[in-house]
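Chemist: Here's the letter readout for the chains.
Protein chains: 2
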Amino acid sequence: MHWAMVSGCKGSLAARMRDVARNAEFRPMKVFLSQQNYHVGNFEANTARILEALRQAEEMGADLAVFTELSVCGYPPRDFLEFGDFIRRCEEAVDEIRRHTSKVAAIIGAPARNPDPLGKDLFNAAWLLHEGEVKAVVHKTLLPTYDVFDEYRYFEPAFSWSVVPFKGHRIALTVCEDIWNLGDNPLYRICPMDRLIAQEPDLMVNISASPFDYDHDDDRKEVVRRNVLKYGLPMLYTNAVGSQTEIVFDGGSLVYDDAGRLVHELAYFREDSAMVDVSTLFVRKQGTVVEEPQPRDPARPVRNGDPSRIIEYLTGEHNIAQIHEALLLGIRDYFGKMGFRRAILGSSGGIDSAVTLALACEALGPEHVRAVLMPSPFSSSHSVDDAVALSRGLGNPYDIIPIEGPYEAMLQALSPVFGDMPFGIAEENVQSRIRGNLLMAIANKFGYILLNTSNKSELATGYGTLYGDMAGGLSVLGDLYKTQVYALAQHINRGGGCIPRNILEKAPSAELRPNQKDSDSLPDYPSLDRVLHHYIEGRMGPSEIVATGVDAGLVERVLRMVNANEYKRNQFCPVIRVSGKAFGVGRRLPIVARYLV
Amino acid sequence: MHWAMVSGCKGSLAARMRDVARNAEFRPMKVFLSQQNYHVGNFEANTARILEALRQAEEMGADLAVFTELSVCGYPPRDFLEFGDFIRRCEEAVDEIRRHTSKVAAIIGAPARNPDPLGKDLFNAAWLLHEGEVKAVVHKTLLPTYDVFDEYRYFEPAFSWSVVPFKGHRIALTVCEDIWNLGDNPLYRICPMDRLIAQEPDLMVNISASPFDYDHDDDRKEVVRRNVLKYGLPMLYTNAVGSQTEIVFDGGSLVYDDAGRLVHELAYFREDSAMVDVSTLFVRKQGTVVEEPQPRDPARPVRNGDPSRIIEYLTGEHNIAQIHEALLLGIRDYFGKMGFRRAILGSSGGIDSAVTLALACEALGPEHVRAVLMPSPFSSSHSVDDAVALSRGLGNPYDIIPIEGPYEAMLQALSPVFGDMPFGIAEENVQSRIRGNLLMAIANKFGYILLNTSNKSELATGYGTLYGDMAGGLSVLGDLYKTQVYALAQHINRGGGCIPRNILEKAPSAELRPNQKDSDSLPDYPSLDRVLHHYIEGRMGPSEIVATGVDAGLVERVLRMVNANEYKRNQFCPVIRVSGKAFGVGRRLPIVARYLV
Numbered sequence: 001m002h003w004a005m006v007s008g009c010k011g012s013l014a015a016r017m018r019d020v021a022r023n024a025e026f027r028p029m030k031v032f033l034s035q036q037n038y039h040v041g042n043f044e045a046n047t048a049r050i051l052e053a054l055r056q057a058e059e060m061g062a063d064l065a066v067f068t069e070l071s072v073c074g075y076p077p078r079d080f081l082e083f084g085d086f087i088r089r090c091e092e093a094v095d096e097i098r099r100h101t102s103k104v105a106a107i108i109g110a111p112a113r114n115p116d117p118l119g120k121d122l123f124n125a126a127w128l129l130h131e132g133e134v135k136a137v138v139h140k141t142l143l144p145t146y147d148v149f150d151e152y153r154y155f156e157p158a159f160s161w162s163v164v165p166f167k168g169h170r171i172a173l174t175v176c177e178d179i180w181n182l183g184d185n186p187l188y189r190i191c192p193m194d195r196l197i198a199q200e201p202d203l204m205v206n207i208s209a210s211p212f213d214y215d216h217d218d219d220r221k222e223v224v225r226r227n228v229l230k231y232g233l234p235m236l237y238t239n240a241v242g243s244q245t246e247i248v249f250d251g252g253s254l255v256y257d258d259a260g261r262l263v264h265e266l267a268y269f270r271e272d273s274a275m276v277d278v279s280t281l282f283v284r285k286q287g288t289v290v291e292e293p294q295p296r297d298p299a300r301p302v303r304n305g306d307p308s309r310i311i312e313y314l315t316g317e318h319n320i321a322q323i324h325e326a327l328l329l330g331i332r333d334y335f336g337k338m339g340f341r342r343a344i345l346g347s348s349g350g351i352d353s354a355v356t357l358a359l360a361c362e363a364l365g366p367e368h369v370r371a372v373l374m375p376s377p378f379s380s381s382h383s384v385d386d387a388v389a390l391s392r393g394l395g396n397p398y399d400i401i402p403i404e405g406p407y408e409a410m411l412q413a414l415s416p417v418f419g420d421m422p423f424g425i426a427e428e429n430v431q432s433r434i435r436g437n438l439l440m441a442i443a444n445k446f447g448y449i450l451l452n453t454s455n456k457s458e459l460a461t462g463y464g465t466l467y468g469d470m471a472g473g474l475s476v477l478g479d480l481y482k483t484q485v486y487a488l489a490q491h492i493n494r495g496g497g498c499i500p501r502n503i504l505e506k507a508p509s510a511e512l513r514p515n516q517k518d519s520d521s522l523p524d525y526p527s528l529d530r531v532l533h534h535y536i537e538g539r540m541g542p543s544e545i546v547a548t549g550v551d552a553g554l555v556e557r558v559l560r561m562v563n564a565n566e567y568k569r570n571q572f573c574p575v576i577r578v579s580g581k582a583f584g585v586g587r588r589l590p591i592v593a594r595y596l597v
Numbered sequence: 001m002h003w004a005m006v007s008g009c010k011g012s013l014a015a016r017m018r019d020v021a022r023n024a025e026f027r028p029m030k031v032f033l034s035q036q037n038y039h040v041g042n043f044e045a046n047t048a049r050i051l052e053a054l055r056q057a058e059e060m061g062a063d064l065a066v067f068t069e070l071s072v073c074g075y076p077p078r079d080f081l082e083f084g085d086f087i088r089r090c091e092e093a094v095d096e097i098r099r100h101t102s103k104v105a106a107i108i109g110a111p112a113r114n115p116d117p118l119g120k121d122l123f124n125a126a127w128l129l130h131e132g133e134v135k136a137v138v139h140k141t142l143l144p145t146y147d148v149f150d151e152y153r154y155f156e157p158a159f160s161w162s163v164v165p166f167k168g169h170r171i172a173l174t175v176c177e178d179i180w181n182l183g184d185n186p187l188y189r190i191c192p193m194d195r196l197i198a199q200e201p202d203l204m205v206n207i208s209a210s211p212f213d214y215d216h217d218d219d220r221k222e223v224v225r226r227n228v229l230k231y232g233l234p235m236l237y238t239n240a241v242g243s244q245t246e247i248v249f250d251g252g253s254l255v256y257d258d259a260g261r262l263v264h265e266l267a268y269f270r271e272d273s274a275m276v277d278v279s280t281l282f283v284r285k286q287g288t289v290v291e292e293p294q295p296r297d298p299a300r301p302v303r304n305g306d307p308s309r310i311i312e313y314l315t316g317e318h319n320i321a322q323i324h325e326a327l328l329l330g331i332r333d334y335f336g337k338m339g340f341r342r343a344i345l346g347s348s349g350g351i352d353s354a355v356t357l358a359l360a361c362e363a364l365g366p367e368h369v370r371a372v373l374m375p376s377p378f379s380s381s382h383s384v385d386d387a388v389a390l391s392r393g394l395g396n397p398y399d400i401i402p403i404e405g406p407y408e409a410m411l412q413a414l415s416p417v418f419g420d421m422p423f424g425i426a427e428e429n430v431q432s433r434i435r436g437n438l439l440m441a442i443a444n445k446f447g448y449i450l451l452n453t454s455n456k457s458e459l460a461t462g463y464g465t466l467y468g469d470m471a472g473g474l475s476v477l478g479d480l481y482k483t484q485v486y487a488l489a490q491h492i493n494r495g496g497g498c499i500p501r502n503i504l505e506k507a508p509s510a511e512l513r514p515n516q517k518d519s520d521s522l523p524d525y526p527s528l529d530r531v532l533h534h535y536i537e538g539r540m541g542p543s544e545i546v547a548t549g550v551d552a553g554l555v556e557r558v559l560r561m562v563n564a565n566e567y568k569r570n571q572f573c574p575v576i577r578v579s580g581k582a583f584g585v586g587r588r589l590p591i592v593a594r595y596l597v
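Sequence lines, in order, name chains E and W.
For the first sequence, my numbering assigns the number 1 to the initial residue and increments by one for each residue that follows.
For the second sequence, my numbering assigns the number 1 to the initial residue and increments by one for each residue that follows.
Certain hints may be false.
Identical copies look the same in the list; a pair holds intra-copy or inter-copy alike.
Once the Cα atoms are required to be at most 20 Å apart in a straight line, the calculated SDA-like pairs of lysine to any residue come out as [what the hints assert, rightly or not]: (1) 30 with 273; (2) 581 with 561; (3) 445 with 402; (4) 445 with 514; (5) 581 with 86; (6) 135 with 165; (7) 445 with 568; (8) 445 with 399; (9) 30 with 279; (10) 506 with 518; (11) 506 with 393; (12) 221 with 270; (13) 445 with 421; (14) 568 with 518; (15) 167 with 58.
Since the hints were made in silico from the structure, they are not lab data.
Every value quoted in this text rests on a predicted model; they were computed, and no experiment measured them.
Chain E extracted, bound-state conformation (with noise of 0.2 Å):
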């Protein structure tokens, strides 16, 4: 493949590219800025979609395509990324790209080799194709290695940086996380903008992949506002979209001018593009008078706020509907990766099934779920009344498959080891391990794909059984605390659902002993939920919780709880992520350890 590093412009050249630049903003250019959703190494698919988003520019008279971030490979690729066969097909695919970009330009991204035999062998990069050549390669700078992401693991981070022209303008052409050290991040020594602006630049191109949480969108245009007014240049930011396992990629591209107001945001959770004409971009250098744009909705519920109103931020309705949508993307995007159509999940009666079920038929459609009720000797009527229900409503088959015969062999196979000890946890857990085994039984012959009903609440706290509830290939609410599975249950039947009044009114049940209640074990779930996300999210140790108010014995019990079931949540199912610390790839503590314990 042919590329030539951009290098800085130095003397007589530079000087008159700069005059030319000084003027390039006010003269149309058409920039096309497209948000796809890829499938992790699906490299065929990928390129025939950016392809196809190429064609469509070019139709509209586009000058420039923007994509998103490892828009070849799909992002991220994680290990896949030490193949070289891996890397090779990459190369490939920028190159069937580059000889698509005769008239209108493309900037993508791709992993590129480090040419210098020190540092790792790869940057992660931002690719401008044109005429069909590459015209530049910029690297990445900042590279997250925190919570989901290990880029330092495969990438060299950028040591050198250059503005790129193009048609008269010059680029800061920059990737994701590069725009994220204003001065104040404390984890960089290195601003990219701040070496870029030297070189007179008079547009910001960012391509990203920035994940979802219910907080982020709000950050990642606040950083973006901030960049602009910092620098005094229009953006235009790219954000991939859709789900990749357990990462969720919310889209809502963004294009500010360069007073700092958001001129136009493309769709959140579904692919979109837009085309816009950078020459409008310039109000402030053009004199216009703007009023100064507000900073963040103040509307919105405060995350670092009162930390004794913490249940309500987490349950707040703009929160809320933010998770709805992307656990819906979550559950398509998996199955439809996976190449599956189909999903089974045990309905319980109880609120995480119902929710779970719920989001599975709107995601799926109901004649694609199977919902399987396995009462118990110890199960109440209602419970099944409830989930037959449920399932009325929804419209999606169910079965009923009594567990008692099952159980009653399991006991008797074991009551040679038993004798007669009391009824305890193990016979509990037989019962739970009885059903993965049913659902999985189902899900194999048919091929489902079993879907989780596991709640971040019970997760933490240890309270499910291995190879029993915690069974599934994803999932679904794993990343709410029970106190906004309700919320959501809520937002979901003021939205037209049908989650009976009785599933969302009983006290919570686990129906593995007589009249057995969740209380029983836990604390209630309003406490319980404070001081796990003071935990999880917070990261604040026990003193700390407990200077916030809460009662220091509850804040052991639950920190010990939390820390003795890291064995159990280390092999559970990945968690669609919503929160900005989720449970899977993104937390990650030894199995084997005595702290807080």
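Mind docking chain W on chain E? Use the hints.
Modeler: For chain W alone, coordinates are given in the frame of chain E:
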């Protein structure tokens, strides 16, 4: 806590110090090297261990005691490092140890705060404590962020380097990875020892937590030797010992004289200590004529040798003997640090469960290991006989629990759904999951940890049942290919073990349908393991593997199996890591992807 950053010596003071240093090496300085087995997060126990070693060092007249990387909190602490409370406890531990250094000095490992507002909050540091004071804090420069390592997730790399003065010596003190770039490691652009050597040190000290794999002790000696020869200085190298969840640290701390000769080597796979008089290590400088040391042991199998001899390499006695030791330590520490004494496992009469059982009995004592034989209607009679013979030989308790009753009850419960569909994989999996349920029930009832018996070839190809034979708290053999499991069985028997010959000789079978053999579903194991090793450890692509002389159809079939089963491995328990690339935390692939499938 009071401490002072060591800064480079300047001007006449520096010159004077260097004069002192020039002769210091000939004066006796006694250094106590200590490799201990820490428990992550267990500050009380770790501090007590360190203080006990300090007392011993003092009694023996040591000037300095050297411990290992992140000794106060245990390595790797992973995301506990994000908790301010955890860091405060590290600081309290350093403080407590500091107060015990009035006579003998100590070099310990602990996180250090970054006083600069720029960059991440923490450094991974070596602390020199003496006379009740913090004399120096040296920050780690090269932060391993590959395989099982995530250090850049937590730490800022050092950006200044200073030799540490101690008793007239000038110590080039480094942390683990810092000596692994000799100018030819493509992961890094900096060589910390090159920065330090300009300050004329006379001794190198490196504190490490360098994990075991069956090549790594050899690599480690080679790296230490090359540093010694490059810089012409002796090196004291301490390495952690003990297993941390899945990562085994094998100790083997090293002392090299300035001629590059290995003078002392501490024990492998157990705690050990040694006293070294540094003045004896300057043989080259003192003009003694010494023989040039030999690089690498020529008798060792070579990792990157002839690809057609890969099985010979994988099953070589040298490797298998080390793996045996590592697995015993891995089992012992998992149980000991989790606070358990007793193991349970399913004993099928096959090779994998036989080897797992033999290892568990050796690690925990046969009286603490319970084998459960769970014949199904498809089990051959010899399976039970062989498993009984094995347990009789080992002397561990066992139960026989036929699964026919629960299996019939499960099929009965499923019959309204399954109708008269023919027997298939779903029914096979039902049997496997009944076994998982029985084992977990007994484990829950009596307080056992379930040991998993899967091998790496099965895990790679997905030839196992989630929640069935893939259940368990710890995988003993999950990083051994099937051919290696056979080699280990033979090694155990040569060492006096009693794995029945019939188990070693019969054809492998899951026995989940009549006359089933592994070879019905999988290629022969030597061919399979060769392709797997090229792909998993070697990160070779399909065309590269074919180029080594393997059939293209076989390669495609095997790689597809590996990539299609990421979702299963994602829910698997920790695997004791013995190779350079084990399944689990060190291998991170997307679950939802389409590459080579």
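Chemist: Does each hint fit the structure? Answer for all of them.
Modeler: Here's how the hints hold up against the structure:
For the homomeric pair residue 30 and residue 273, the shortest alpha-carbon distance inside one copy (13 Å) is at most 20 Å, but the shortest distance between copies (71 Å) is not. Taking the closest pair of Cα atoms, residue 581 and residue 561 come within 20 Å of each other only inside a single copy of the chain (18 Å); across copies the shortest separation is 32 Å, beyond that limit. In this assembly of identical chains, residue 445 and residue 402 lie within 20 Å of each other by CA distance solely inside one copy; the values are 19 Å within and 24 Å between copies. With identical chains, the CA atoms of residue 445 and residue 514 are at most 20 Å apart between copies only, with a shortest distance of 19 Å across copies and 33 Å within one.
For a Cα distance limit of 20 Å, the shortest separation of residue 581 from residue 86 across copies, 18 Å, qualifies, whereas the shortest one inside one copy, 30 Å, does not. Taking the shortest Cα distances, residue 135 and residue 165 sit within 20 Å of each other inside one copy (9 Å), while across copies they are farther apart (53 Å). For a Cα distance limit of 20 Å, the shortest separation of residue 445 from residue 568 across copies, 17 Å, qualifies, whereas the shortest one inside one copy, 27 Å, does not. Proximity of residue 445 and residue 399 under a CA criterion of 20 Å is satisfied intra-copy only: 15 Å inside one chain copy versus 31 Å between copies.
Taking CA atoms no more than 20 Å apart as the test, residue 30 paired with residue 279 passes inside one copy only; the shortest distance there is 8 Å, against 74 Å between copies. When the C-alpha separation of residue 506 and residue 518 is checked against a cutoff of 20 Å, the pair qualifies only within one copy, where the shortest distance is 11 Å, while the shortest distance between copies is 50 Å. Proximity of residue 506 to residue 393 under the C-alpha cut-off of 20 Å is restricted to the intra-copy arrangement: shortest distance 19 Å within a copy versus 56 Å between copies. In this assembly of identical chains, residue 221 and residue 270 lie within 20 Å of each other by CA distance solely inside one copy; the values are 18 Å within and 54 Å between copies.
In the homo-oligomer, the alpha carbons of residue 445 and residue 421 lie at most 20 Å apart only across protomers (9 Å), although the nearest pairing inside one protomer, at 36 Å, exceeds that limit. Taking the shortest alpha-carbon separations for residue 568 and residue 518, only the intra-copy value of 19 Å comes in at or below 20 Å, while the best inter-copy value is 30 Å. Taking CA atoms no more than 20 Å apart as the test, residue 167 paired with residue 58 passes inside one copy only; the shortest distance there is 16 Å, against 74 Å between copies.
Checked against the numbered hints above, the structure breaks none of them.
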